[in-house]
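**Q** As a plain string of letters, each chain reads:
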Amino acid sequence: MMVATTENNPATEGMAARGRSPWADARRRFLRNKAAMFGLIILLFVAAFAIFGGLFSQWSNEELDYNVMGQVEQLGGPSFANGHYFGTDDLGRDLFARTVQGTQISLAVGVVGAIIAMVVGTLYGATAGYVGGRVDGIMMRTVDILMAVPYMFVLILMLVMYGRSITILFVGVGLISWMDMSRIVRGQTLSLKGREYVEAARATGVSAPIIILRHIVPNLLGVIAVYATLLVPLMILTESFISFLGLGVQEPMTSLGALISEGAGTIAYGTTWQLGFPLLFFCLTLFGFFFVGDGLRDALDPKDR
Amino acid sequence: MFSYILKRLAIAVPTLLLLIVISFLLMHSAPGGPFTAERELPPQVLANLNAKYGLDQPLWRQITSYVWGIVAHFDFGPSFVYKDRTVNQIIAQGFPITLTYGLLSFALAVIVGVSLGVAAAIRHNTLLDYIAVGLSIGAQVLPNFVMAPILVLIFTLWLGWLPGGGWQGPEYWILPVIALSTSFMASIARITRSSMLEVLTSNHIRTARAKGLPERRVILRHALKPAMLPVISYLGPAFVAMITGSVVVDIYFSTGGIGKAFVDSALNRDYAVMMGVTILMGALTILFNLVVDILYGWIDPKIRY
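Line by line, the protein sequences are chains A and B. Per UniProt numbering: the first sequence = residues 1 to 305. Per UniProt numbering: the second sequence = residues 1 to 305.
These are calculated hints, taken from the structure and not from any lab test. As the structure is a computational prediction, the values presented were derived from the model and not from experiment. A few of these clues could be false.
[Said to hold, decoys possible] Which residues of chain A face chain B? A few of them, derived with a C-beta cut under 7 Å, are:
no. : residue
1   : Pro-150
2   : Met-152
3   : Val-160
[Said to hold, decoys possible] Partner residues aside, some chain B positions facing chain A, computed with beta carbon under 10 Å:
no. : residue
4   : Gly-94
5   : Ala-148
6   : Pro-149
7   : Val-152
8   : Gly-236
9   : Val-248
10  : Ile-251
11  : Arg-269
12  : Met-275
13  : Thr-278
14  : Thr-285
C-beta: ideal position from N, C-alpha, C; glycine also.
Bound conformation, chain A alone (with noise of 0.2 Å):
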C-alpha cells in the first residue's frame, strides 16, 4: 500500500516540497488510466440514463399504447413519432421507459448487494485476522465450505420459500458473495495488527472491536473500495440471471435481466429492438464497472500490477 514517493519527476516538479499523499497518488494514477477513464465515463452516461432518463420519456413503464398493440411487429419498432424512442414490448408497453426502469432496480440490485457483501465481509475478515489462533482458523475453514456451495440454487430456493419479494433479492445477492472479501480482508488485517499503532492502541486500553473498526478497517478502505467495485458487476449478472429464469422481480417492476428475457422470448417475431436496447444498457454497465473496477485497483493496489 504504501507508495508515496519522494523522487521528483516532471509533472510534479513544483510541489515535490509538500510531498503527496497516498490518496493523492492513487488519484493521479486512476485518471491517467485510459481504460479506467474511458469506463467512468460509460457508467457516468448509464447512471444519467437511469436517474434523468424517466424525464424525457413519453409514456410510462406501465401504459399500454392501444395502437400499437396486436401489431408490434409494424408497429412497435423504435420511432420518435409515436414517442416510443426504443419501441415497445409484445404487450404494447413504452420500452424506453421500461429500459430506464430496468436499468435503475440493475444498478440498486448491484450497488446495494456489493454494500452489504462489503459489510459482512469486511467485519467477518477483519474479526477473523485480528483475533487469530483457533477463532481465525474456525472462521475461515468456515468460508471454506461455504464456498464450495453453490449458492445460485440456494438463492432461488430462498427467493421461492420466502416469496419472491424484491427485498430479498436485494439481500440474498449480498449474502452469497461476501467471503471472497472476507478472505481479502483477513490477510490484510493479519499484516497490519503487528502495526505500532495498534499495539499503541491495545496498549492504553482500546477493545479489540473498537480497534478493528477504529484502527484496522479505515486502514483497509483502499483495497475494500476496489473488490466493491469489482463486485458490482458481479451482483449485476446474479440478479440479471435470476430475473431471466423469471424468478426475480416481479411485474411491473423489471430489471435488465427480466427486459433481456423478454427480448430473447419474442426475437422469433422479429422484434429484435426488444432484445437489443436491454442488452446494450446491460453490456454497456458490466463493461463500466469491470473497467473502473480495473483501474481502481492499479491505482489503490499497486503491488497487484
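Chain B: place on chain A using the hints.
**A** What follows is chain B alone, placed relative to chain A:
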C-alpha cells in the same frame, strides 16, 4: 498423497451434509407447507398428506431420515406435486442431457481457452495476442443468458443453419455448448495468457532455452505445467458457474435437462425436487473441487502433504 486426499475428504463430507441440512431447514421454515394450495383442504386430508410425506414427525427425525435416505439408498423421496413420480425419476430423466452438453462445454472451454491463451502468450504483442485479449474482454459481458438469444438470432433466425431448441441429435448440441462455454473460454484464455507470460520469464525456461531445447519442447514440457496452476484453481469456480448456467440453457433451448425441472419445481413450489436438484448439484460441485484439489497437489511441487 493419501493423507492429503483424506484431509480434503474430511472437508468435503461435512460440506455436503451442511448443504443438505441448510436446504432442508430453508424448506422447513418456509411460510406455508407444500400443500397450502389456493383451494383450502379439509383438515383430515391435510393431516393424511402430512403423514404420508412424513411431515408430522419432529424436525430432527425428518432431517435424519431424509439424509439417511440420500446417503444409504440414494433416494430423494417423492415429488410433492407429481403424485406418481419420485424425485429420482425426475432427475434421471434430465440429468444425462445436462451432463452431455455440460461436459462438452467444459471440454471446449478448457481446450480452446488454454490453446488461445498459450498462443497469445507466445506471440505476445502481435495481432494474434491483441485479438485474443480483445475477445476475452468482450466475452466478459456475454454470459450464457446473453449469448443464448444472440446465437439463436444469428444462426437460427437469420442464417437458418442450426435448430434453436430441442434435443434430437448432435446438431442440437452446438448452440447450447457454445452459449454455455463462451465466457469461461474467455476467462481461461485470459488466465492462461497472463500466467504463461509470467512463466516464460522465469529462470528454468531460460535454462531450458540455453541448453538448446527446441522452442516447442520448452513450451510443452517446461512452461505449460507450471502455467496451468492458476487455470486449475479457476476450474472449480468455473464448474460451479457452468452448472448454474446450465439452468439457462435448459430453459432457453428446451433441451429437457435438469435445469428445466429445477425452475419448474421452483415455480410449482415442489420443494422435494428443488432440494434434490440443489443437493445433487452441490455434491457434483464438491466432488469436482476434490478432484481439482488433488490435481493441484499433484502438479504443484510446492504443496506438501
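**Q** Please go over all the hints and tell whether each is borne out by the structure.
**A** Hint check results:
no.	hint	in the structure
1	Pro-150	5 Å, holds
2	Met-152	4 Å, holds
3	Val-160	5 Å, holds
4	Gly-94	15 Å, violated
5	Ala-148	7 Å, holds
6	Pro-149	3 Å, holds
7	Val-152	7 Å, holds
8	Gly-236	8 Å, holds
9	Val-248	6 Å, holds
10	Ile-251	6 Å, holds
11	Arg-269	6 Å, holds
12	Met-275	8 Å, holds
13	Thr-278	4 Å, holds
14	Thr-285	5 Å, holds
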